[in-house]
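Grab the two chains, each in its own frame, and use the hints to assemble them into the complex.
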Amino acid sequence: MNVILQYYRSLGTARTLNLRIWRLNSTSADVATTTKGDEEEEFRVLDILKSRQRTKKKVTRRNDVQPDRADRMSIDQKWGNVWPGPKTFHPSSVPLPLRQGYVPKGHVPPGKKANAELMKIPNFLHLTPPVVKAQCEALKQFCTEWPSLLNSEEAIENHYPVETITSDYCHAGPTIRNPLARIATLRVKLSTLNLNKHAQDKFIRLVGERYDEETDLVTITADRCPLRQQNLDYVNYLLTACYHESWNVEDWEHDKTEEDMEYYDWDKNASKKSLVQWHLRATNMPNDLSDMDYVEYDISKIPNGEEYKNAVSSLMNNGESEETLKNYGAAVRKLLGLPEAKI
Amino acid sequence: MFLRYWKKLGRNYSQSVNFRTSENLPIHQNDKHIGLFYTLKQEKCKELFGSGGFPKSFMKQTKTFTETSIMIRQPALDIMNCIQLSDFDKPAIRYVLFGEKGSGKSLTMAHLLHFANEEGFLIIHVPWVSEWLRRVPRHKEMANSLTRDGFVDLPLDAAAWLLHFKTQNRVYLKSADLVTSKEYVWSKREKTEMGKPLLELVEHGINRVKYSCDVIDVLMSEIKILSNNKKCKTFVAIDGFNSFFYPLTRLNTPTKRKVTPEEVTLTTSFMELTKNNWTNAAIVLTVDQLAVPDDRQESYLPRYLLYKKGFEHIDPFVPMEIGRYTEKEFLSCASYYRDRLWLRGPPDVETELKFTSACNPYRFMEQCAPL
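So the sequence lines, in the order shown, correspond to chains A and B. Take the first sequence: its position 56, counting from 1, is numbered 56 in the numbering used here, and each next residue is one higher. Take the second sequence: its position 282, counting from 1, is numbered 282 in the numbering used here, and each next residue is one higher.
Derived from the structure by calculation, the hints contain no laboratory data. Remember, it's a predicted structure, so these values are computed and weren't measured experimentally. Some hints here could point you the wrong way.
From the structure, some residues in chain B lie toward chain A, with a derived Cβ separation under 8 Å [what the hints assert, rightly or not]:
#1 74
#2 78
#3 82
#4 85
#5 86
#6 93
#7 297
#8 301
#9 312
All residues carry an ideal CB built from backbone N, CA and C; glycine is no exception.
Chain B extracted, bound-state conformation (with noise of 0.2 Å):
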């Protein structure tokens, strides 16, 4: 008995040396730690990815695994150094994720979001933006806007956003200065006052499906107004970002009249709030090809796909590449695999592997599963 825990610690320290960093904050990591995989606790995962942030493979991943272990890659730690240099009282720096399919933009956003909710900041997170323009489930609840003329509004999907928006930033919404600056009136009977705090302002859009897309503009300008007076610092990440800039959406109004991205009251709010006219905050979006239809996925490169009405709108910003899996993280990755055990077989399956995925993390992830 003995015996056996014994070699199970062995086993465990020998493989935590070649691939696993017991640094789970993301504040300390630096260069030494490129490669190693960390892991995220249980709850904090529930608070941030709960509904949504993490590719779908990889939730599936994470339960098979019974962890949720994410490497520590080099893009990640720069705009993490980034985040902490700059000066938060000029305006807000923008940053892009791109690179090609599969490559981790959203698991390097889910690292930063880490790091944001570690380091205090309010968090604002669309996990992915084609799911309110591009995803046309058999009933999508679409309306007309009641406050603006020609816009249509999305109450399920704001209402939705407003929950994930609640439960990440659970803490930081029960701060006493998280107020709102003036008197909204939703209806008649219906209206929130001035110093509220946003939480009630978020409840009443979830509550009030009607008004959530109302909510969440008003939501945006207010925490723009709180960052600005430096009530808060606040970190904005949008998956799929390039998805806004796409000349038509999926939806259809009742009168089967097209929709383009900018009709959708969400957009504008969103694009309100990645303009750098505003400080004490940090941007990151990232551009990817699957947030847009297949007849504009023939470059990962961010012009390309944000087009130059988008690249003008974040201009300017910092590009920055997510790569393909370097050798030392290739190997690490391999070992990760093997102590899961979702990659067996005699040592040199991974020359082959390396060969065949062309170190592309998804398709390596892919690869193994049947090994």
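If we strip away everything but chain A, and leave its shape as in the complex, we get (with noise of 0.2 Å):
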């Protein structure tokens, strides 16, 4: 045992000596050298509890994370098995690169994980396409046939012609209910309406602004019921009280004089009484009309008298602006026998 000691200890010495030699020629190797031999010299601990060993036992744990769910999914899925219906975002969910949210200067937005920017907003993932094609072709079985008489827009307007408007709210919330889905509106046609000249005149005097002259629409919006069905059916009272109330003749409607006619009635005018008394003038014939006589003489004998009428009408009517003084002086003109107007 000693020999053997003896042995290595003279095969240390001479490592050394042989070290020391190539110091002499390289610089290299020279820090190596020194901290080996400076760990030769340090003390040794006596280590009673053995805690360096201890320590250095570290159990390299078997890394069990799975990959994301989103990489793994394979490129022909069905989405709407993965997505089927209404819900919050989930990142490994989508397989989208998504970004959102706030952008430092330098910086890309926030990736999809962990994003609650991306989890506020609602999102419509569940109603891809080829999902509401599948929903609707599930739920064809309970839908009737459409007839085929309605084949055009004309046509439906024409069987129905009284539309009524309702707005229903989806979302998700502590109460399914909609306060807004209680307003009901009804559309309809005026001249789909069965009224004569003065009971046209009393309904859109009656509706009012609801009448739309352009559309020749009515429209009632009714919103002071709680209950939707509440606001139809007074929707559909107001509008059978207006039409009816309409063909009703009040004794003080007789009383209504020329000034308090909404638009310009050529008949009963001065100007049509002065362009009786022109023409019989201009023929030579007696002059010994009535008022009434007036309103009712037939204006057709008169050459250009229909042309003149309706210029001096629309003059009226439409107000008076360089285009309809124009084709009044045309139309005088024309009456008159006066060569046309040169531009």
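Put into structure tokens, the structure is as follows:
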């Protein structure tokens, strides 16, 4: 045993000797040799509890976190099965490189993982076109066939002139009711109602600004009742009431004078009287007409009288503008037999 | 000396080609003369427009230019053409001139008056209706009408107008055809017998100012009868006609009551005259924004200015818009002003003036004044 130790020791000195010779020649191995030399010179510590060895005993655990589900999805999967209904955004279920949120300078928007912004906004991932199509297909068995006679917009308008408009609201929340859903609107074309001249005039006055002259539509909206059905009933009631009221003729309506007219009725105005008078004078006919005769006078006998009538009516009803005045001038010139105006 | 004369002649010639026409009779003027100026003779001017008829600014201009030149414009020619082609056995046709302020309505009317005068019309010309109804000098002569209850007479204005009428128709009033159709008794001692010339009636109105309004009333009905009987043909020209229809005049009765236009005797006479219940006449009226107060000046179109009442009174009428200068008219006018030394400076001044005046004749004239 001793021999062996001595041998080792001599061998060790020989090695150091050898290294010392090398040290003279080289500089690169210098640091390594010194540290080694230092270690060898360090005091050894008696480690009774062998704690150092215990720390070294690190258990290398197996990493069992699986890769993201979004990365493992096959490209031809059925998306409807992945995301069957409305729900909050989940990053691992959506294989899209989404980014959303505040962008600090020089950065990119935050990614989809742990992104509150993406979770806050409503998404429609459950309503992709193939899913909608599939659902429609599934619903088809419960639907009836569309009437073949209602093949055009005009036909629909003709058979169903009254149009009711309501809105449904669908949202996730503590309650599925939305107060706006109670509002009901009814639309009908005035020309589809059975009204005479007086009744139509009265109807327009009764509905007031609910009548749109350009589109000929009467729009009645009700939101005063808490339920939709009540509002619908009320809207229908209003239409019915206005309709029947407009057919009533009150006593005081007979007192309406020419100044109260809402439009210029040429036949009842002084313009017709002056035209007839002019015509009678121009043709040297006796003038013994009463006021009623003037109103009932047939102007088709007067050449170009009809055109003149239209020109005056448009001047009075559509307001005076350069164009209506020009028409009026042209009509008068024709009536009086004057040459046309040169421009 | 000769050279200078020659130069002057040459200049006149070249300029006359540009903007002047020697066709001084409106009858012979046609579309070729549009935009050109023709000169009225001094005597004619005095006869027709001696006591009104031209706008004030134009009067001043004629004095500056030492001549009375009127531009021949499309609307005037159009109306002349219409008058010539229209059937005078049919009811009188009413022409209404309208247009923006300063577009030349009154001058178009003056042109037409000259035409009527040359054509042998008896002229009934009211230079400016607002002069009667809206201008109130310190001592406006007003009197309650003796013949009609609740009506107001404007004797001095009426007499002045009769004088105007007399000077304008000096030639025609001498004709033996124009005689009264019945006897008029003015007072115990004064009367106009049947068959007396109209001139006598007119002079009675001028001399006895008290009766001037009644004389006008009678005169109008007499002229209507004479026209109907083809003794004369009549040309009625009323400037600022819409003044008759503004709800109030600026006149007050001695009891401080506001007078409406219908209560003035002159209004009724001229209303009667502008109806189309007579023949052998042409009636030219202008509607002007300046004839009514500011609150009724939003539009220059006749229906607006005449109100419904006035529109119905003269319906059917021929509307005739007097517009702004066209390109040709503007250039012609500019060269005329250059000739009269009213406009001076480099030639590109005109393009600028065209924009700043927007081709409005009056504004163009005003803007040239300091140049």
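Notebook entry, point to check: Can you name, in rising order, the numbers of the hints this structure does not satisfy?
Noted result: Per hint list: single violation, 7.
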